[in-house]
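Engineer: Sequence:
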Amino acid sequence: MAILRVGVISAGTIAQVEHIPNLLHLRDKFDLAAVADPSPTARAFIETRYGLKTYAAAEHLLQLPLDAVVICSPDPLHHEQTLAALAAGMHVFCEKPLCYSAAEIDQIIAARNSARRVVQVGYMKRFDPNYEAALAQMPGSASTLRYVSVEVNDPDAWPFIAHYTTSLGKDVPSNLIAATRAKQAQQIRAAIGDADDVAVRGFATAYCSSLVHDVNAVHGFLDALGVPDGDIVGATIFAKGDGGQGTVSLLGGQALWNMCHLTVPSLADYKERIALYFDDSVLELEFPSPWLNHQPTRLLTRTSEGHVWRRTEIRAGFEGAFVRELTAFWDACINEAPSRNPPEHARRDQALLCGLARRHIETRKAQLCAQR
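Everything in the sequence shown is counted per the working numbering, starting at 549 for the first residue and increasing by one.
Heads up, a few of these hints could be off.
[What the hints assert, rightly or not] With a Cα cut of at most 25 Å, we get these calculated BS3-like pairs of lysine-lysine:
{"#": "1", "residue 1": "K819", "residue 2": "K788"}
{"#": "2", "residue 1": "K913", "residue 2": "K788"}
{"#": "3", "residue 1": "K577", "residue 2": "K601"}
[Unchecked claim] Okay, the calculated beta carbon distance ranges per label pair:
{"#": "4", "residue 1": "N701", "residue 2": "R859", "range": "19 to 29 Å"}
{"#": "5", "residue 1": "L724", "residue 2": "A681", "range": "40 to 50 Å"}
{"#": "6", "residue 1": "G782", "residue 2": "V856", "range": "33 to 43 Å"}
These are computed hints drawn from the structure, not numbers from a lab.
Computed from a predicted model, the values in this text were never measured in an experiment.
Backbone N, C-alpha and C define an ideal beta-carbon position, used for all residues, glycine too.
Throw the hints in and build the complete structure from the sequences for me.
Structural biologist: See below:
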């Protein structure tokens with residue numbers, strides 16, 4: 549079996565909790581050669597715990613003879629690091645969001661095509677066994693779809709990773725932090741236009757860090773039903789940027805898609821629900837916190853015949869979606885299997901999220917003008 553020699557860029561939470569342990573677990577497919585991170589604390593932890601070679605800068609890692617990289621760095625660095633890896637002839641697995649704007653993703657698509665390499669985005673929900681089962685168990689059709697609901701409340705990772713052994717570096721050089729923040733501000737305003745701090749924060753977090761997963765998952769459902777992209781009819785960023793909401797009209801108004809995320813920082817509870825309502829049935833997925841490996845997503849279908857009401861719960865398996873997406877990445881790189889989460893999907897998702905942010909900005913400006 550062919551083995552991919554791979555490096556990991558950034559040793560933050562997602563790398564320490566998921567990708568580094570999972571790559572080491574999949575040693576029949578991956579040879580994890582090195583990890584790059586600007587934090588001396590994080591590098592020392594990776595070296596001591598895993599015996600891995602580390603580098604302070606991604607540029608040094610990209611000079612190694614690697615087949616692929618897994619990019620877990622802060623979002624504003626994804627664009628430049630993906631392009632650099634492709635230029636070095638490497639396959640790329642990049643955490644979401646791939647980039648903030650569709651224009652940046654277009655550059656990555658062109659570079660991928662030129663390099664003839666795989667680029668896969670870290671949308672692990674597409675590999676959830678119960679998400680796959682939901683696609684196969686769709687109880688309705690485009691002609692019977694009425695409503696799509698997405699609801700998320702999230703405290704972030706802290707309640708769900710306390711049992712992991714991690715060492716997240718708080719000693720990243722201040723000049724690097726400042727430069728990354730400046731890149732983020734520049735990239736976001738290029739994506740959504742002139743925006744106040746609340747809109748920028750909400751776009752980066754509620755939309756691009758959280759709802760991006762659900763947007764991608766719902767796009768998968770709509771594709772399975774043959775439902776084309778809809779029209780944005782409303783969007784709001786609220787709770788000082790901790791909340792993001794959006795509404796999309798589907799099928800010319802036949803159906804509506806409403807989505808909402810809210811960070812509830814001091815509540816150790818996580819709920820994420822996607823429900824599709826049809827004329828005579830409902831399909832519902834309730835996801836656990838993504839940090840809780842092997843805790844199954846709950847898949848329910850509800851139907852009735854007259855007054856006889858039936859609820860069916862399906863459990864398709866307990867495999868970890870984070871592991872399955874890496875296995876699929878290996879398969880695409882080695883066996884040229886179709887990539888399930890290519891940049892084209894990320895482009896579509898970001899185009900919608902940018903549209904929601906711009907709608908919020910337009911609505912907010914109109915409200916302020918009306919108050920004067």
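Engineer: Kindly indicate which numbered hints from before are broken by the structure, ordering the numbers from low to high.
Structural biologist: Checked against the structure, no hint fails, so every one of them is satisfied.
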